[in-house]
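Asks: Between the sequences and the hints, there should be enough to build the whole structure, so can you do that?
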Amino acid sequence: MSESAPVKDNYLNSPKGIWSWIYTLDHKRIGIMYLAAISVAFILGGIFALLLRLEHLNPGPLLFTAKQYNQLFTLHGAIMVFLFIVPSIPASLGNFILPMQLGAKDVAFPRLNLTSYYIYLIGAIFCIYSMIAGAADTGWTFYTPYSSTTDTSVISMTLGAFILGFSSILTGINFLVTIHKMRAPGMSWFKMPLFIWALYATAIIQVLATPVLAITLLLLVLERTMNIGIFNPALGGDPVLFEHFFWFYSHPAVYIMILPAMGVISELITAFCKRDIFGYKLVAYSSIAIAIIAFLVWGHHLFVSGQSDAANSIFSLLTFLVGIPSGIKVFNWIATMYKGTIDFKTPFLYALSFLALFCIGGFTGIMLGALSFDVFAHDTYFVVAHFHYVMMGGVVMAFLGGLHYWWPKMFGKMYSEFWGRIACALIFIGFNMVFFTQFILGSKGMPRRYFNYLDQYQPLHAFSTYGSWVLGLGLLLVLIYLIDSLVDGKPAPANPWGALTLEWQTDSPPITENFTHTPEVHHGPYAFDKVKPS
Amino acid sequence: MTNTPKAEILISKGGFWFPEAISTQAHQVDQIFHFILWASIILFLILTVVVGYFLYKYKRTPENTYAKKHVTHNNVLEITWTVIPLVLVLFIFYWGYSGYLKMTIPPANASEIRVTGRKWMWQFDYPNGNKSIGELVVPVHTPIRLVMSSEDVLHSFFVPNFRVKRDLVPNRYTRIWFEAKRTGNFQIFCAEFCGDGHSDMMGVVRVVTASEYQKWLKESGAAASEGVPLDQLGEKLYTSKGCNACHSTDGSAKVGPSWKGIYGATHTLASGQTVKVDDNYIRESMVDPKAKVTAGFQPVMPPFAGLLNDREIAGLIEYIKKLK
Ligand SMILES: [Cu+2]
Ligand SMILES: [Cu+2]
Chain A
3 MSESAPVKDN YLNSPKGIWS WIYTLDHKRI GIMYLAAISV AFILGGIFAL LLRLEHLNPG
63 PLLFTAKQYN QLFTLHGAIM VFLFIVPSIP ASLGNFILPM QLGAKDVAFP RLNLTSYYIY
123 LIGAIFCIYS MIAGAADTGW TFYTPYSSTT DTSVISMTLG AFILGFSSIL TGINFLVTIH
183 KMRAPGMSWF KMPLFIWALY ATAIIQVLAT PVLAITLLLL VLERTMNIGI FNPALGGDPV
243 LFEHFFWFYS HPAVYIMILP AMGVISELIT AFCKRDIFGY KLVAYSSIAI AIIAFLVWGH
303 HLFVSGQSDA ANSIFSLLTF LVGIPSGIKV FNWIATMYKG TIDFKTPFLY ALSFLALFCI
363 GGFTGIMLGA LSFDVFAHDT YFVVAHFHYV MMGGVVMAFL GGLHYWWPKM FGKMYSEFWG
423 RIACALIFIG FNMVFFTQFI LGSKGMPRRY FNYLDQYQPL HAFSTYGSWV LGLGLLLVLI
483 YLIDSLVDGK PAPANPWGAL TLEWQTDSPP ITENFTHTPE VHHGPYAFDK VKPS
Chain B
9 MTNTPKAEIL ISKGGFWFPE AISTQAHQVD QIFHFILWAS IILFLILTVV VGYFLYKYKR
69 TPENTYAKKH VTHNNVLEIT WTVIPLVLVL FIFYWGYSGY LKMTIPPANA SEIRVTGRKW
129 MWQFDYPNGN KSIGELVVPV HTPIRLVMSS EDVLHSFFVP NFRVKRDLVP NRYTRIWFEA
189 KRTGNFQIFC AEFCGDGHSD MMGVVRVVTA SEYQKWLKES GAAASEGVPL DQLGEKLYTS
249 KGCNACHSTD GSAKVGPSWK GIYGATHTLA SGQTVKVDDN YIRESMVDPK AKVTAGFQPV
309 MPPFAGLLND REIAGLIEYI KKLK
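Sequence order for the protein chains is A and B. According to our numbering, the first sequence is numbered sequentially starting from 3. According to our numbering, the second sequence is numbered sequentially starting from 9.
Please keep in mind that the hints were generated in silico from the structure rather than gathered at the bench. Hints may contain errors.
Unchecked claim - Straight line, CA to CA, 27 Å or less: simulated DSS-like cross-link-like pairs of lysine-lysine:
# : chain 1 : residue 1 : chain 2 : residue 2
1 : A       : Lys69     : B       : Lys262
2 : A       : Lys193    : B       : Lys77
3 : B       : Lys76     : A       : Lys283
4 : B       : Lys262    : B       : Lys21
5 : A       : Lys341    : B       : Lys67
6 : B       : Lys67     : A       : Lys415
7 : B       : Lys77     : A       : Lys532
8 : A       : Lys532    : B       : Lys67
What the hints assert, rightly or not - Where chain B lies over chain A, by a calculated footprint (3+ residues, C-beta under 8 Å):
#  : segment
9  : 145 to 159
10 : 232 to 245
This one's a predicted model, so the numbers in the text were calculated from it and none came from an experiment. The beta carbon of each residue, even a glycine, is placed where N, CA and C say it ideally should be.
Replies: And the structure:
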C-alpha cells in the first residue's frame, strides 16, 4: 500500500465519515446506497425462493405448513417486486449513471433524490415489520376479498407498498426533469444514450401509474380498518374492481421493470461490439410506444375473472400490439452485432443471456395473449415460468450485466473476468433448469400457489428445485467475487471497455462533481465510426 | 362401495405438453399453442443461427479491432421485421379470439349444473335437486353449462383435461361450458389462491354414459346410502363430501384436526372450555362448526347443515369412532 500512488480524491473517499453518507446529496452515493439496499432485498427474496423450491422437493409438508408456505410466497413476490425489481435498475444504476451520461453534475433535485431513498427505507421497514408481525399470506397481488378477510398483517404490507410507491414517483419526476433540463451542451434528444431514453419512458410510467396503486392499496386499508365496502362483496363491494385497479398499475409496472433493462442492453451491445446502434430512433421510439401501450393492456390478467367477452378481446388485441416494439428492439440489437468487433466480456455474456431468455419470455407472452390458450394456462406454472423469464431472465440478467459493466466506474476496481464468466454460465443454466421445467408443469395443468401437489408432478418439481441450487450458487459466486474485487481488485482505468458515452470520460471512480469540465457533445453516443480506430 | 374415484393421471397421458384432450373444445387450444410454439421455435432458431454467425465472424481479434462498417438503417429490413410479426400476431389474435368465443358461449341445448365454491370444497347442484360435493357427475357427449358462484373468497374452477377455467366470484355468476368426449374421471383444481386449503381444494369430474347418469341422478342422495353399513358409509362420505381436504385420518394436522383417536378424547376449545368428543359434539361440529371451535384451529369449517342427512351424520360418527 505504502509505495502505491496516493489515492486521488473521489466521490467515495471525500468527504469522509458515516454522516457524510447519511446526509449525502451526491447522486452517485445515493445510487450506491440504493444498490446496497436492493441487494439485501434481492438476497432475502432469493432465500425465500430457495426455501419455496425446497418445500416442493416432495409433495406434502416438508419444511412448512400451508400457511407458512403462503406467507413465504407472498413475501418472496412482494419483496422481489416492490423492494427489488421496481427500484433495481432505475434507482441504483440509473441514479449513478444518468447524470453522468447526460454530462451533468447531479440530478435536478438532489434533496428530493435523498428523500426518495429514505422513503424507500421507511417502506422497507413496513414490509419487514409485516414479515415479523404475522406476515401477509395473500400473494403479492393482494386480491380481495381474501385480503380483506385474512387475519395476517395485510395492512402493514400494503402500507409498505404504498410508501414505496412514493419513492418510485419521486425518482421518476426527478429523472424527467433532469433529462429535460440538464443535458450537456450539444446533447440533443437524439444524441442521448438509449439508456436515458429507456429511463425517460420508465419515469413517465412511474409518475402516471404508481398513484393508482397507491389509491388502490389505500382503499384496501380503509376497507379493512373502517369496514367501508369497496372491494369486499360481504360489504357490498366488488372484488373484480380490485383486480382492475391493481393491474392498472401492475401491468405498466412490468414495463417499469423491463424498459430500463432494455436500456442497459442497448448500452452493453454497442459497447462490446464497438458499433453504432442499428436503428437508433426506432429503439428510442419503441421505448415510448411501449410506455404508452403498457397502460392499455392490464385486462389481460383478467381473462378468466368474469370480465366481459368484449373487454377480453380488446385487451387481447392490445396485448399483441405491445409485443411488436419489444420485438423490434431485439432485431435491432442483433443487427448491431453485424460487422462489429465483438468482445465476450462478462457484461456482454449477460446481454446474450438476456436476448435468449427475453425471447422465450416474449414468445410465451404471445401464447398467453391468445385468449383461448390463456383460459387454460392462467394461474398455472406456465404463467409463473413466463413472468420469471421476463423478470429474472430479462430484468435481472440486464441488471447483472449493467452492474458488471459499470462496476469499474462505480468502485474503481476490476472484478475477476474468469469468475464472472463462470457465474454467468451457472446462472444461465440454473435459471433454465428452474423455469423451463415450470413451463411443462404448467402445460400439464399444475396450478400456481399450491402448497401441496399431486404425486405425478414430483419429478418435474424436484428437477426445478435442483436447478434452483445451481442458480443460487451462480448468484452467490457473483456476490463473493464482486465483494472480493473491492478489496483485491485491480484498479480500473477510466474507460476499461472503450465505450463512448460520457460517464467513461471521467475517472473511475469519478470525482464528486463528476467532470472537471462540463463535457461538450459533438456526436451520437455510439459514433464509433467518428473516433479513430486504435 | 367405492370412494370418490381417483382422477386419471394428467402428466403421462396425452402429448408432451398437454394432458389428454377430453372436451370437444380442447383440441383447438392445443392447436393454437402448437402453432405459436413452432413459429417461435423456427424464429428462435433463425435468430440463434444469425447471432451465432455474427459472434463467430465478428469476434474481436487482433485483425478485427474496430467495426468495419456501421450499418444504422435499412428501411426494407426494418419494415419487414415490423410488418411480418404484426401480421402474425393479428392472425394469432383472431384465432385465439374465435376459439375463446367457442369455448365460452354454450350451445342452446346445454344442461345446467350449479357450482358453489367455498373454502375449501366444491358443491354441485343438479337440476333435479341432487347435490354432490367434490365430485361432479356428468353425462358423456352432452354439452354441460356450469353456473358458478363463490360463498367467500375467489376460487377458480379448472379442469386441465377440458382446458376450461373460470373464476368463482362472490355475489356474481360466472359461466363455462364443456362437452366430454369420453367417460372417465378427470381432475378438478382450484386455480385461484384462496388460503390454507387452496391446494387441497380438488375434485373430480366423473363422466359417465347417459344411462348411468340417469341412474345416478335417481339413486344418489338419501336412497343410495340405504343398506350400506354405517361406518362404511362414513368412510365413503369422508372423501365424497370433501372432509378429506381438511381432516386426515392418520393423526397429521391439516387445516382441521385429524380424526384419528379423537373419539372419547377431551378437547380444549378456543374459548378455553373443554369438551368430551362424543356423538353430540361431533354432530354439532358438522352442522354448526362455529358453535365450538377447537383450540389451535381457525373457525373455517363450512357448516354442513342441509348437506348431510341423519343417516349420513351417523355414518360419519361411526367412522370417526373406528379411527383409533
Ligand atoms: Cu400484464
Ligand atoms: Cu383456491
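Asks: Just to make sure I understand the rule, a stretch counts as covered if three or more of its residues have a C-beta closer than 8 Å to a C-beta of the chain. Does the segment 232 to 245 of chain A meet that for chain B?
Replies: holds (count 5)
Asks: What's the verdict on B:Lys76 and A:Lys283, does the C-alpha distance respect the 27 Å limit or exceed it?
Replies: Given that 27 Å is the threshold and the Cα spacing comes to 22 Å, the pair holds.
Asks: At a Cβ distance under 8 Å, does chain B reach at least three residues of the segment 145 to 159 of chain A?
Replies: holds (count 6)
Asks: Can you confirm whether the C-alpha distance between B:Lys77 and A:Lys532 stays at or below 27 Å?
Replies: Holds, at roughly 12 Å.
Asks: Are the Cα positions of A:Lys193 and B:Lys77 separated by 27 Å at most?
Replies: Distance ~20 Å between A:Lys193 and B:Lys77 Cα, so the pair holds.
Asks: Hinted pair, alpha-carbon criterion (27 Å max): A:Lys341, B:Lys67. Please report holds or violated.
Replies: Between A:Lys341 and B:Lys67 the Cα gap is close to 9 Å, so the pair holds against 27 Å.
Asks: Is B:Lys67 within 27 Å of A:Lys415, Cα to Cα?
Replies: holds, 26 Å
Asks: Could you grab the alpha-carbon distance between A:Lys69 and B:Lys262 and see if it respects the 27 Å cut-off?
Replies: Distance of about 10 Å is within 27 Å: holds.
Asks: Is A:Lys532 close enough to B:Lys67, meaning Cα to Cα at most 27 Å?
Replies: holds, 21 Å
Asks: Need the status of pair B:Lys262, B:Lys21: alpha-carbon distance at most 27 Å?
Replies: Distance of about 30 Å is beyond 27 Å: violated.
Going down the numbered hints, you'll see the structure goes against just number 4.
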